[in-house]
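Taking the hints into account, I'd like the entire structure generated from these sequences.
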Amino acid sequence: MAHHGFFQRQASARRNTSLLVFLFLTAVVLITLAVSLVGYFVTRSETSGLAFQDWLLSSHGLLTSATVVTLIGVSSLVRWIDLAGGGTRVAKMVGARPIDPDTRDGDERKLRNIVEEMAIASGVPVPELYVMDQETGINAFVAGYTPGEAVMVVTHGALTQLSRDELQGVVGHEFSHILNGDMRLNVRLIAILAGILMIGQIGSFLMRISFYSSHRASRSSSDSRGQAAMGLIGIALLVIGYVGVFFGRLIQAAVSRQREMLADASSVQFTRNPEGIAGALFKIGLKGGYLDTTSHASDMNHMCFGESARMKFTALLASHPPIEERINCIQPGMLARLRSRFRDTETGADLRSATGARQPVQASGFASNTDGTWEPLKRSSTSPLASTAAPESTLGNRLSERVGTVTVQGEDFATRFLARLPATFRNLLYTRAGAIQLCYALVIDGLSRELQRERLALIPAHPLLGVERDLLDKLLPTLKTLGDEVRFPALELAMPALRKLDPEEREGLITNIQKLVAADNRVTLFELALTSFLSRHLGGGASREMPVRYRKYRPVMPAIQKLLSLLARAGTADNSDAERLYREAMAGFTTVGEGNQPVLEKVTMRQLREALTALNGLSPLLKPAIIDACGYCITHDGKVDVREYELMRLVADQLDCPMPPLTC
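For the record, in the sequence shown the residue sitting at position 434 is 883 according to the working numbering, with numbers rising by one throughout.
None of these hints come from the bench; they were simulated from the model.
Fair warning: this is a prediction, and the values are worked out from it, not measured in the lab.
Treat each hint with caution, since some may be false.
Claimed, not checked - Quick list of in silico lysine to aspartate or glutamate cross-link-like pairs, DMTMM-like style, CA-CA up to 25 Å: (1) LYS1088 / ASP861; (2) LYS929 / ASP894; (3) LYS1001 / ASP969.
As structure tokens, then:
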């Protein structure tokens, strides 16, 4: 049975979003009733005998309720719209500075190298990196609506106080949030809390106005009674508003704690180094991770690696489990080893305060899973494809298990790939001009010099999007030397620079690529994969979440037929083998007695694109079978060639499934 961990977590993230909306509506109802109760006592006259439930239906009650609901709704909507810019907007909100891809700072380069290795090994575009220069605490978070437009923000304290292994553990933790779909929920939580907080802010404003006016007015003023009433109303609203915030934080903490433990476990699996993330957590206990220079610290608490804001009732409202609990769950005995390691550099009081003096809790199994999962490397490869024949069971049948994770071989490939890249080539990918020219180079690579000039002439002159032959002359030789297998990893490295393009520039780049692809009146699989990738991650709907449209396979059977027909023909040499392979792959989607759909003789690129669009509307829990069927087709002979790899990357990307390099 296929392991659906990634897909189950994606489905869980969607359910959590629905639950969050329900809890928000519940909080709105309760706050509205509480404010209405205040209004009931304020407006109730001595001659009025209306009960509270009857007053709610009166003009005063309806007006009060409508005002409260409108205030909360508008406040959340305004913050929601404000955060429509995704991760970049959140980073700017907390005053973070973008890290120059070509930075000369040693700590920043260390972070970039770690993030690039993790991105290539997991099959997601490299996130944009930001640093909070004024924050000395150790913390980090990721923000965004989709993995393709995610940003990662770290504090200056995390950069300077963590070792490479510890920083890698933090990055692995944050990549888990990217892969598990937590970012979208986190951003929505900020908007929801803003609405609930609004009533308390209004109460605080009214209270300040009342006290300010009472100090300025004379004691004989006839308005003193009104000012006192305003002050009392303000106090009531303040209490009601912050009671709402209390329950909002309670919900926030309950949702966050479970995801933080899961992210810790994923970090251990990604890095295969329990001491990395455990050491980072221990240092947070020693040095602290609070964000002291931003007023949004409490809003960001659920997003950060560690607690970002000081608050009372920590046991209830903390968005993260206690440090000692997190460390003990990573590996039994780890806390004692860390205390021993830091004994020579830290005082005993600091060591005791860093993590409580509780007895170690039972480990949750993270360490044992890690020890049993990650075997020593038997071979190394600088290709994202299997370099030798691999058993079918290890590469094909469980391809869905690799989605949303980092394998030993994938990380080894990422490390070696980055080491092989010439410095000039790599630095060009960090600039907008170089990233644009890379896209052009990927299309014309392999053509003769004359054909290259002919195709490039189709691109109109433009200060940024125009052809720059000197840059192409630096990119093309490296692409030829490294081979076709590195095209997607290079494109992933260039994504932070491409995301810096304006919407008009993004549209212009996609148009230019389409012109180059259409020049010879045929579309190769790589060209389709490239144009689909750019449209998916740079197009107008890049941050949009694909809604679930299908919860059964039956409505999308024509799309499955087209996809598996193409893959079966791509994985075999003759028609009889393709027919057999196709029927074996389709067996998981048809039942006995149903008429089997025959393998299609031809599938056009347009039909493939339409089929993938339809399949992306499947529930997350139905997608693993699609990935495994595709993997069965391309690995039935024990190897994956470049054409099959590019087709698999196209399928995975269009189904929102981050696919690591297909190493064995």
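Regarding the pair LYS1001 and ASP969, is the alpha-carbon distance no greater than 25 Å?
39 Å, violated
Hint check: LYS1088 vs ASP861, CA-CA at most 25 Å. Holds or violated?
19 Å, holds
With a cut-off of 25 Å on the C-alpha distance, tell me whether LYS929 and ASP894 pass.
7 Å, holds
Of the numbered hints stated above, the single one contradicted by the structure is hint 3.
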